[in-house]
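Each protein sequence line maps, in turn, to chains A and B.
With the numbering used here as the guide, the letters of the first sequence map in order to residues 1 to 269.
With the numbering used here as the guide, the letters of the second sequence map in order to residues 1 to 278.
Careful, some of the hints might be misleading.
[What the hints assert, rightly or not] Capping the alpha-carbon separation at 27 Å, the derived lysine-lysine pairs in DSSO-like fashion look like this:
1. B:Lys50 to A:Lys198
2. B:Lys93 to B:Lys76
3. B:Lys262 to A:Lys198
Since the hints were made in silico from the structure, they are not lab data.
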Amino acid sequence: MLMKTPGGALSTRPLHFIWMVDTSGSMSYDGKIQALNNAIREAIPHMQQVAEDNPNAQVLVRSICFSSGALWNIGKPTPVSEFQWEDVKADGVTDLGNALFMVADQLRMPPMNERALPPVLVLLSDGQPTDEFDAGLVALMKEPWGQKSVRVAIAIGADADHDTLQKFIGNSQMRPLQANNPEALVRHIKWASTAVLKAASTPVQAAPAAPAAAAAPAATAPPMESAPPVASTPPAVQPAAAPAPAPAYVPPAIPTPPAYSSDAGDDVW
Amino acid sequence: MPRWRLIGQSVRGASHERSGAPNQDAFRLWPDFADAEQLACAVADGHGGKKYFRSHLGAQFASELALKALRELCPKLKDTFAQGQALSSLPGKLSQEWLQAVEDHRQQNPATPEEARIWTAELNQDLKGGLAPVLAYGSTVLAVAVHHDEMLFLQLGDGDILLVSDTGEVIPVFPPEADLLGGETTSLVSPDAPQRMRLTFWNRPEILPAIIMVSTDGYSNSYPDAASFHQVASDIWEMTAEGNWDKVKETLPAWLTETTRKGSGDDITAVLIARSDV
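Start from the sequences, fold in the hints, and give me the full structure.
Given below as structure tokens:
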């Protein structure tokens with residue numbers, strides 16, 4: 001006799017990938033916005049290939065543009081296999097803080113759930129924020145999924161504010177990627193949308209970044225038919241003579257971006 | 001006095017099949033036959049990933065040591081003095097023994113050139129072919145001991161221990177750790193492992209679970225929500241109550257294989273303990 005697989009409907013784990021695109025007026029200079037449109041469009045088949053290679057992650061893509069205010073130009077989490085990029089236009093100032101508030105809203109639980117993979121946020125910007133960037137970043141980092149998100153930043157041109165981008169990344173081991181010409185922008189966007197996506201979509205556990213601030217958590221088996229078991233709190237007992245544990249790290253391990261010899265020259269922006 | 005039976009199974013994750021990574025879960029059962037007065041099981045989930053390149057070994061050490069500790073405790077589960085001793089010393093003892101096992105293995109098995117190369121490439125830290133870091137062995141551990149109507153549950157890190165009542169109600173023994181998301185877990189490599197290890201006794205002989213399910217997080221991550229996952233345990237209770245325990249045992253590997261393929265892609269290990277009269 002065949003028996004039905006126990007449990008509810010099976011599901012792959014969602015991975016939310018969000019483009020955060022600077023569409024301020026300065027992006028219209030020297031063809032930056034068109035280069036960005038082309039680069040994202042060019043990256044899509046590569047993203048789709050990465051997603052196909054890992055069918056246990058459901059990659060959902062969306063995009064938010066920020067200039068004078070912020071707007072989800074693709075607000076629905078779209079399966080990467082269906083994702084299409086419509087050209088965006090540049091105009092206005094650089095309200096990055098506004099965009100961060102709006103992304104923070106979307107990373108709240110719900111609509112996110114705890115079984116998702118870490119979201120990937122890719123920020124592309126050529127300038128300095130003109131609104132409350134710090135407040136927006138605080139709002140993002142207040143959300144558990146904001147804290148756990150993998151954040152990558154691409155600086156477009158010489159005027160990009162690296163300090164802001166570094167704050168967004170929030171990891172001293174990773175620097176903003178500098179794109180001074182359309183070719184570099186294509187490479188960086190392709191890297192962010194493939195290597196980073198691949199790393200984030202691979203289920204890997206890791207020890208938490210830091211020990212819990214509180215003491216031992218209470219062991220709390222819940223009641224069954226109103227009959228609670230004896231719950232106990234394990235005491236703080238340290239190993240006596242064991243070797244010291246290694247320091248812990250935060251997942252996922254994002255690969256180091258490749259170095260390109262041509263990045264040093266051919267500056268357009 | 002109630003008697004118990006247990007089965008266990010572990011399958012390599014679908015994503016590990018694709019990447020060539022080994023099954024980084026491990027489990028141990030005692031005894032490995034049905035209808036026992038006392039039993040114990042331990043399940044461990046090595047963290048996987050390149051920096052945890054020996055976590056399949058860490059999981060083996062964890063499951064072996066946890067099973068050994070719980071076997072020793074099993075006959076004394078009713079003894080409140082022994083319970084107190086376990087609460088005060090088991091987390092530290094298990095963490096320490098695991099670290100010692102890892103240290104012994106490290107000393108006898110220096111990092112291979114390939115391990116050193118991967119470590120260097122991943123973390124930009126040079127092992128120079130020396131000892132593998134403790135971190136490389138990172139693992140969780142979950143364990144259960146049952147002696148007649150007494151039970152002990154232990155958990156460090158992610159994974160689930162679910163109880164199913166005689167009416168099919170499913171209850172997790174420990175709540176999820178709310179501060180951990182996206183694959184983060186407490187671990188035997190965490191400096192505060194003894195403090196984060198959760199331990200509790202079941203001291204209500206008049207209300208015993210019909211089924212206990214212990215599983216690694218590859219199982220729960222294959223479902224969109226807790227209710228869909230908890231239904232695994234209640235469905236298995238129902239099958240068992242209908243007299244299909246042997247079928248459950250026979251079919252478990254196929255279920256787990258299908259689950260990792262259509263679900264999380266991660267290794268999945270499940271141990272099922274059933275009261276013999278269910």
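Going down the list of hints, with the structure as the test:
no.	hint	verdict
1	B:Lys50 to A:Lys198	14 Å, holds
2	B:Lys93 to B:Lys76	17 Å, holds
3	B:Lys262 to A:Lys198	18 Å, holds
Checked against the numbered hints above, the structure violates none of them.
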